[in-house]
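Here is what each chain is made of, one letter per residue.
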Amino acid sequence: MALLEVKNIQKSFDRTEVLKDISFSLEKGEVLAIIGSSGSGKTTLLRCINFLETPQRGVISVGGKVLYDCDDPSKKTEKEIRKNRLHFGMVFQQFNLFPQYTVFENLVLAPKLLAKEYIKENGEYMGASNYKEAVEKINEEAMQLLKKVGLTEKRDEYPCNLSGGQQQRVAIARALALNPDVLCFDEPTSALDPELTGEVLNVIKGLKGSDSTMVVVTHEISFARDVADKVIFMADGVIEEEGTPQQVIENPQSPRTQAFLSRFNQYSD
Amino acid sequence: MEQFWSITLQLLDGFKENCLLFGVTLIAALPLGLIISFGSMSSFKPLKAVCRTFVWIIRGTPLMLQLFVVYYIPPLLSDGSFKFSDRMGAAMIAFIINYAAYFSEIYRGGIEAIPKGQYEAGYVLGMKKSQIFFKVVLMQVVKRIIAPISNEIITLVKDTSLARVIAVGEILKNAERFTKEGLIWPIFYTGAFFLLFCGGLTLLFRYLEKKLDYYKG
Numbered sequence: 111m112a113l114l115e116v117k118n119i120q121k122s123f124d125r126t127e128v129l130k131d132i133s134f135s136l137e138k139g140e141v142l143a144i145i146g147s148s149g150s151g152k153t154t155l156l157r158c159i160n161f162l163e164t165p166q167r168g169v170i171s172v173g174g175k176v177l178y179d180c181d182d183p184s185k186k187t188e189k190e191i192r193k194n195r196l197h198f199g200m201v202f203q204q205f206n207l208f209p210q211y212t213v214f215e216n217l218v219l220a221p222k223l224l225a226k227e228y229i230k231e232n233g234e235y236m237g238a239s240n241y242k243e244a245v246e247k248i249n250e251e252a253m254q255l256l257k258k259v260g261l262t263e264k265r266d267e268y269p270c271n272l273s274g275g276q277q278q279r280v281a282i283a284r285a286l287a288l289n290p291d292v293l294c295f296d297e298p299t300s301a302l303d304p305e306l307t308g309e310v311l312n313v314i315k316g317l318k319g320s321d322s323t324m325v326v327v328t329h330e331i332s333f334a335r336d337v338a339d340k341v342i343f344m345a346d347g348v349i350e351e352e353g354t355p356q357q358v359i360e361n362p363q364s365p366r367t368q369a370f371l372s373r374f375n376q377y378s379d
Numbered sequence: 051m052e053q054f055w056s057i058t059l060q061l062l063d064g065f066k067e068n069c070l071l072f073g074v075t076l077i078a079a080l081p082l083g084l085i086i087s088f089g090s091m092s093s094f095k096p097l098k099a100v101c102r103t104f105v106w107i108i109r110g111t112p113l114m115l116q117l118f119v120v121y122y123i124p125p126l127l128s129d130g131s132f133k134f135s136d137r138m139g140a141a142m143i144a145f146i147i148n149y150a151a152y153f154s155e156i157y158r159g160g161i162e163a164i165p166k167g168q169y170e171a172g173y174v175l176g177m178k179k180s181q182i183f184f185k186v187v188l189m190q191v192v193k194r195i196i197a198p199i200s201n202e203i204i205t206l207v208k209d210t211s212l213a214r215v216i217a218v219g220e221i222l223k224n225a226e227r228f229t230k231e232g233l234i235w236p237i238f239y240t241g242a243f244f245l246l247f248c249g250g251l252t253l254l255f256r257y258l259e260k261k262l263d264y265y266k267g
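These protein sequence lines are chains F and B, in that order. The numbering of the first sequence is the working numbering, which starts it at 111 and goes up by one. The numbering of the second sequence is the working numbering, which starts it at 51 and goes up by one.
Treat each hint with caution, since some may be false.
[To be verified] If the Cβ cut is set under 10 Å, some of the chain F residues that face chain B in the computed set are:
no., residue
1, LEU162
2, LYS193
3, ALA220
Read the hints as simulated data drawn from the structure, not as lab findings. Glycine included, every Cβ here is placed at the ideal spot set by N, Cα and C.
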């Protein structure tokens, strides 16, 4: 069974229909790359999955559990949405780190708040039965994540003292700190200088090895080709073409996909 | 020389009233302003309209007039059955209302300047709206508004002398008394009290700004 299932998502802003009946599914451990030109609806789709936008139609489920159903008002309460968001992690184009906190504090802020809440309500957070124990676990995990993204020695720096690439790696670690089922990336390298994109893409590539399920909206075609298991090409709010990277990138069938990719190949080696 | 010290002490007596008015206004108007700023940013239209109209009226009329209104209107409306027994109380109410309105606009500016991405980052990390406000946004707002708020607070120090118009025994009123004895210099001398007080505040704000300078953004 698919881990992530997105069915018939439709989203309009005022009278502009941005997403027209989008459906796709993703297996556990798979990496999905969503490509397409600006305004094709890629980012809106990702934001719908993270409940930052509310689709007018459609169903989103993770591991067989329905998280969002446009016809079910009980899935739309603030509390329910907040809980269901935790199935997803999100890495933004602009990093959105909290500037007043150190790298380490950025990582542990949300988990600590959740631990406090869960222990109060259920008496347990990730196997810890009291807050102190939970904090120890959270801190330990945060250090492991910093190691994973190669920023152990930056733990006490403030985000303003880091390069864009380092900030984005912190943002990835911060998203992972809540152990999401699906990690989403919204053009994670678009705000970076070209020489910094490599370090971020390498971290994402490394996560694939550790079995994370990921959805990556990207303009890095060669990254999509090398890392993704599945590629979706979007145009005007619909999935124009989908398949393996070999199918979609090496051998596109749709004329729109061909036109889009040829514009990229023009300048790349 | 003896006269100088005796006058200094009498002026200091008046300045205590200025300090009291300043302190009470600050303590009450800072949080009240935050509440009003939430109102003027509310998505509930009637509340927003009420708050913005309130701010417009308070910022659009002189504080001196507001002092008169607070002190004289209640007795007029109640046919004299209600009267402020304490002029200082009336002055405090007028000052708190006035400064809360100004503070609310500074807060609003500061809150609206925080990028949407900060809220979204909080949401996707499973944080509640209130947690995002208090743990993420508020500190950033404080850093952004410390300069305009200090400006307003320094204005407040000097505005306290306006309470004189409803005969609160503040420093300028005390100084004026000496003109009857033919002494004009105590009036000018009051400036020294304000200067010292504002100087101290300026140093304090500079220290706070420096404290908050540990990060950019």
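Comparing the hints with the structure gives:
Because the smallest distance between the Cβ of F/LEU162 and any Cβ of chain B comes to about 6 Å, under 10 Å, the interface hint for this residue holds. Using the Cβ-Cβ criterion of 10 Å, the hint placing F/LYS193 at the interface with chain B is satisfied: the shortest such distance is roughly 8 Å. Checking F/ALA220 against chain B by beta carbon gives a least distance of about 4 Å; that is within 10 Å, so the hint holds.
Every hint from the earlier list agrees with this structure, and none is contradicted.
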